[in-house]
Amino acid sequence: MEDPLDVETRDAAEELKDRVQRLFRHSLHIRHVDAGSCNACESEIKLLLNPYYDIQRLGIFFTTSPRHADLLLVTGPVTRAMEDPLRQTYEAMPDPRLVVAVGACACSGGIFASSAFTRGGVGEVLPVDVFIPGCPPSPLTLIHGLLLALGRGEQRMKGRVQRVRSSRPLQMLSPSGGEKERY
Amino acid sequence: MVFSWVHKGLRTGVLTTRYPAVHEQMPEGFRGKPVLDPDRCLSEQGCTACVQICLPAALELKQEAPYSVRNDAAHLRSASSDCKEVVQSDEGGAGAGATQLTLDYGRCIMCGLCVQACPTGALQMTADYELAARHREDLQIVNLLEVSTEDGGTQDGGARFISPPREGEG
Amino acid sequence: MDWSLLPTVAFWAALALYVLGIVLSLLLQQARAVTIAAALCVALGGLGALIAGIGVLSGAPSPGAALETNLPFGPLSLHLDMLSAFFLAVIGLISLPVAVSSIGYLGHSTGLRRLRTFGLLFNLLLLSLVLIVAASDVIVFLMAWEAMAFLSYMMVNFDYEDPHVVRSGFLMLAVSELGTIGILVAFLLLYQAAGSFGFEALRAAAPTLSLPVRSAVFLLAFFGFGAKAGILPLQLWLPEAHPAAPSHISALLSAVIIKLGIYGMLRFLLDFLGGPATIPAWWGLVILSIGSLTTLVGILYSVVQHDLKRVLAYSSIENIGIILAGLGAALTFQAYHLTALAAIAGIVTLYHVLNHAVYKGLLFLGAGSVQHATGTRDLARLGGLLRLMPWTGFFFIVAALAISAVPPLNGYISEWMLLETLLQTFAIPVTITKVIMAISGALLALTAGIAVTAFVRATGVSFLALPRSKEAATAHESPVSMRIAMGFLAFFCLALGVLPTVVIPLLDHVTTPLLGQSVLNQVVPPLFTNHPGDYQLLVTIGGGLFRGWLPVNGLVVIPAPAFSTIDSPSYLLLAELLLVGLVLLVLRLIRPLGTRRTGRVWAGGIPRFEASMTYTSMAYSNPIRIIFNALFRSRVRSESPAAAARYREGRITYQQEIPPPFERSLYQPLLSFWAGLTRRARFIQSGNINQYIAYIFVIVLLVLILRAL
Chain A
1 MEDPLDVETR DAAEELKDRV QRLFRHSLHI RHVDAGSCNA CESEIKLLLN PYYDIQRLGI
61 FFTTSPRHAD LLLVTGPVTR AMEDPLRQTY EAMPDPRLVV AVGACACSGG IFASSAFTRG
121 GVGEVLPVDV FIPGCPPSPL TLIHGLLLAL GRGEQRMKGR VQRVRSSRPL QMLSPSGGEK
181 ERY
Chain B
1 MVFSWVHKGL RTGVLTTRYP AVHEQMPEGF RGKPVLDPDR CLSEQGCTAC VQICLPAALE
61 LKQEAPYSVR NDAAHLRSAS SDCKEVVQSD EGGAGAGATQ LTLDYGRCIM CGLCVQACPT
121 GALQMTADYE LAARHREDLQ IVNLLEVSTE DGGTQDGGAR FISPPREGEG
Chain C
1 MDWSLLPTVA FWAALALYVL GIVLSLLLQQ ARAVTIAAAL CVALGGLGAL IAGIGVLSGA
61 PSPGAALETN LPFGPLSLHL DMLSAFFLAV IGLISLPVAV SSIGYLGHST GLRRLRTFGL
121 LFNLLLLSLV LIVAASDVIV FLMAWEAMAF LSYMMVNFDY EDPHVVRSGF LMLAVSELGT
181 IGILVAFLLL YQAAGSFGFE ALRAAAPTLS LPVRSAVFLL AFFGFGAKAG ILPLQLWLPE
241 AHPAAPSHIS ALLSAVIIKL GIYGMLRFLL DFLGGPATIP AWWGLVILSI GSLTTLVGIL
301 YSVVQHDLKR VLAYSSIENI GIILAGLGAA LTFQAYHLTA LAAIAGIVTL YHVLNHAVYK
361 GLLFLGAGSV QHATGTRDLA RLGGLLRLMP WTGFFFIVAA LAISAVPPLN GYISEWMLLE
421 TLLQTFAIPV TITKVIMAIS GALLALTAGI AVTAFVRATG VSFLALPRSK EAATAHESPV
481 SMRIAMGFLA FFCLALGVLP TVVIPLLDHV TTPLLGQSVL NQVVPPLFTN HPGDYQLLVT
541 IGGGLFRGWL PVNGLVVIPA PAFSTIDSPS YLLLAELLLV GLVLLVLRLI RPLGTRRTGR
601 VWAGGIPRFE ASMTYTSMAY SNPIRIIFNA LFRSRVRSES PAAAARYREG RITYQQEIPP
661 PFERSLYQPL LSFWAGLTRR ARFIQSGNIN QYIAYIFVIV LLVLILRAL
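Protein chains in written order, with our numbering: chain A, 1 to 183; chain B, 1 to 170; chain C, 1 to 709.
Some clues are possibly wrong.
Taking lysine-lysine pairs in the BS3-like style, the calculated list, with each CA pair at most 27 angstroms apart, reads [claimed, not checked]:
no.	chain 1	residue 1	chain 2	residue 2
1	B	Lys8	A	Lys46
2	B	Lys62	A	Lys158
3	A	Lys17	A	Lys158
Rather than coming from a laboratory, the hints here were simulated on the basis of the structure.
Quick caveat: nothing in here was measured; it's all calculated off a predicted structure.
Starting from the given sequences, assemble the full structure and let the hints guide the process.
Next up, the structure:
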C-alpha cells in the first residue's frame, strides 16, 4: 500500500532547500537556544565538543551570535517565556538558515506537551528543518541529525510505515486467559 | 607542564570516533528506538499495555468502530493492563474495525517501559541511534499490523541495531 | 590696494575691537545687547588676529610698534615675529567660535551686571592674550601675563556662588603665580646679562651667559611656563579649574591659554637660549621625559574620571605632554646638530599646538552644550544624547575622532609625524639618549591607545545608548550660535587634517629662524613641479594628482628622511571616499540578486532595552583602573548586607575613590611641611607692640651697621 505522504516525494521548494543546505556542507555555525529544556539535551550537546565526538572535525562549530549562525539548534518545548527570545534569535539570523529541533520536547513538546505553559515543540513556532528525537538524544544521534541537515547524511526514519519482522519463531498464544509466554 | 601534556597525548593516541565513516556500536543496555513486531502484537485483541504505560503518550491506539456498533463489546476495549482478560473483538463479519497502533518517535523518551510492559515481547528496544528526520510526519510510525510484501520486511540497515537477546530469554 | 598691509591693519583693528568691546560692555543697557556686542567684538577681533597671524606667516610685513615712556624700563614694544604670528593665529582661530558660542550659552538667565562684567573681562582677556604674543619686551610681556592670569581667574569665577568654583579658581591663580616667579627670575637673569628689557637684547645676550646660568634660566623658564601649561608636577590646578569655568571659558583656557605656556617655553628655549649657542642634550631629555610622563599620567587619569569636563581637562594635560615631547625631541636633535630632524620636530610641535587647540576647543564647546542642555556633567547621568542633540553629538564625535588620531582628521597627522620623528632616534650617537627617546616614543604610543579608550568612553557613555536620568532624557539641541561655533571648529578638524601640506609651509616659516633650517622641501616634496627629481617615483604612483589646484609643493608628507615613510592624508581621504562610493555602488548593483530583510537589533533576545543594561562609565574604565592601580592608588569600598545578597531587600553600595595625581604623595606632604614652617614662624607676629618696635630698632641697627661696612 502506497503511502500518499511518502517521503520520497519532493517538490520544487524542497529541492531548493536541499541546495541551500548543501551550502553549509563542510562549514556550519550553530547557535543553540535553550527554550525551556531540562538541560539533559544540553549535556549531550556539549559532549559534541569533546575529543571523542569532536564535531569540529566535521566542520561544525558553535557560535554565540545569531548574526554569525547558519543553523539554530533548539532544545526544550518552547515555554511561554522563551518564545519571544527564540523568535528574536531566529529573526536575527541571516538567510540562508536552518532550524533543528533537538530532543523529544523540541520535536513535540515531549512530556510537557499537554502543559499550558509550553507551545508544544519548536515546530509550532518556527519552520523546522530537522527533528532529532531522543530524551536526550545521544551525541551520535545529534551528529546524524546535523549531517542530515547538511545533506551529508541519510534519513532512515521512513515514517508512516514500519515493517519489522522478528527473526525468531513465534509461539501461538492462547486466545483467552491462559498462560502467556513472554518472548 | 606543557610537554607532559604533549607526551601524554602522543602516548594515548587518537580516541576520536570515526562516525559517520564507520558505524559505531553502542554499549550494551543502550536504549535507542523501540520497534514493534506486528506478528506478536496483541493490540487487535485488545491489549493496551504499552499504550497505558507510555508516559509522553507516544504510543496511541486508534480503532475504527465497525458499522454495527455493539456497545457492550466495543467499550470493553480498555483498561486491562496485564491483559489477563483478552476481549475478543467482534469480528462477526460485519466489517471489523482496523486497529492502528501509532508510535510517535517525536514524543518517545526511550524509557523502555513499553518494552517491559509488553506481554508478548512484540516491542523490542533496539540500539538504533540514527533517528533524525526532516519532517514531523516521518517520526510518526503507524504500524501496519498486516504484513507487507513490498520490501523484504526488514528496514534497511535496521538489523544491525537489534540487540542480541539477553541471557535467559527466547 | 596693497594686500600685504592687510595683516598690519587686521592686527591693530583687532586691538581696537577689543577696546570697543570693553566700552560697549560698560555702556549698553540691555542684557542681550551686552552679550552680543561683547561677543561680536571678540569674534571680529579674533578674525583680525587670525588674518594678521596667517598674513605674517605667509610673508607679509610684520606689524610692530614701540612706545617710549618715562618709565626707566625702556620702550614698551610690540612686534610680531613668526613665532608670535603663529600663536596669534591660534588665538584668533579659537576665540572666534568661542565668542560666537557665548551668544547662545549665556542665555537669558544671567543678570545684566554679571553679563556686563563678563563682556568686559572677555575683551580684556583677549587683549591681554594678544599682547602676550605680540610683546617684544619683558615689561609688556609680564604685565600682559599677569593680566591674563588674573583675568582668567576672574572668568573662572563666573559662578562665584559655588564655593567649589571659587576654590578651583584660587588654586589656578596660586599655581600661576608660582610659575610667574620662575618666569620673572628667568627674565631677570637674562636682563642682567643684556642690560635692557627688549627681546632683541635678551636674544643677543643669552650666548654670553655661562652654561650653569643658562641651565638655570632653562629650568626656571621650563617650570615657570610649565605651571601655566600644566606639566606634570604642576598640573594640579588644571583638572579643577577647567571644569569649574563656564564652558566657553574652559574652551579658551584649554585651547589657548595653556598654549601660551608653550609659547613662553618656545620663546625662551628656541629663541633666546637657542640659536648659535650650544644646547646641552640633557635639556631636551628633561623636557622629553617630563613630557612623556605627563602624557601617560594625563591620559590614565582621563580614563577614570566621571565628570565629562574633567576627562577633557586631563586629556589637555596629556596633549601638553605630547607637545612637550615634540619640543624635547627638537632640542635633543638640535644638541646633536641634527638640525633637519630638529626642524621637523619643531614643525610637529607647532602642528600639535594648533590641532589640539582646535579639537579641544570643540570638545569643550560640546561638553558645554551638554551641560547647557541637561544641567549635568556627570557621565553616570548622561546617555542617549545623540538622538536628542544630533548636531552637537556629531561635532563631538568628530572632535573625539580627531583627538584619537583617526585619519584623515587633524590629530592623526601631528601624532603620526611625532612618532615618526621619535623613531629617528637611531640617528643620535649617544646610547643613553637613544634609549630615553625610544622609551618616550613607546610611552606616547601607549597613550595614543589609551586616549582612544578614554574618548570612546566619554563619547559613548554620554551620547550613545539610552538616557540614564531624567535630565538626559529631556535634553534639547544647542542654540544655533553654539552649533555654528562647533561646526566651524569641526570644519577645521577636517581641513587641517586633509591639507597638511598647506599648513606645514607656514609652520616651516616659524621653525626656520628658530632652528636654523628650512625642511619644507624635505617634508613636503615638490611633486607638483615639472622636475621632481628624486621624487619621480612618487609622481609616477599618483603623487601628481591635483597638481595646480593648490599653491603647495605637493600633497604628500615625508616626515622622516630618506623615504622611510610616506603619507598623504589628502589622497587618503580621496581613496576613502572612492572606496566607500565603490562599496555603495556594488551594493546597489547586487541588490536585485539577493533578498533583503530588515530586523531588530540583536541584543540577546531581551524584551526591551533599559538604560541600566548599558555600560556605566565606571565599569568601562575599570580594567584600566585595575591594571594601573599602582599609579591610581584607588580606594574601593563595597558594602553588601547579607539580606541584599540574597536578593531580598537592602542596598548594595560600591564606592570608588581615585585621588588626583600626586595628591597624597607630593602635595600634601609639601603643604603640611610648609604649613609647619609657617606655624613655627608665627611667633614673629605676636601682637605685642613692644616686640614690633624692637624689630624696627634691630633692623635700623643692622642697616646702619651694613652701611658702615
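Hint-by-hint comparison with the structure:
1. B:Lys8 / A:Lys46: Roughly 24 angstroms between the alpha carbons, so the hint for Lys8 (chain B) and Lys46 (chain A) holds.
2. B:Lys62 / A:Lys158: holds, 21 angstroms
3. A:Lys17 / A:Lys158: Judged against 27 angstroms, a Cα distance of about 19 angstroms means the pair holds.
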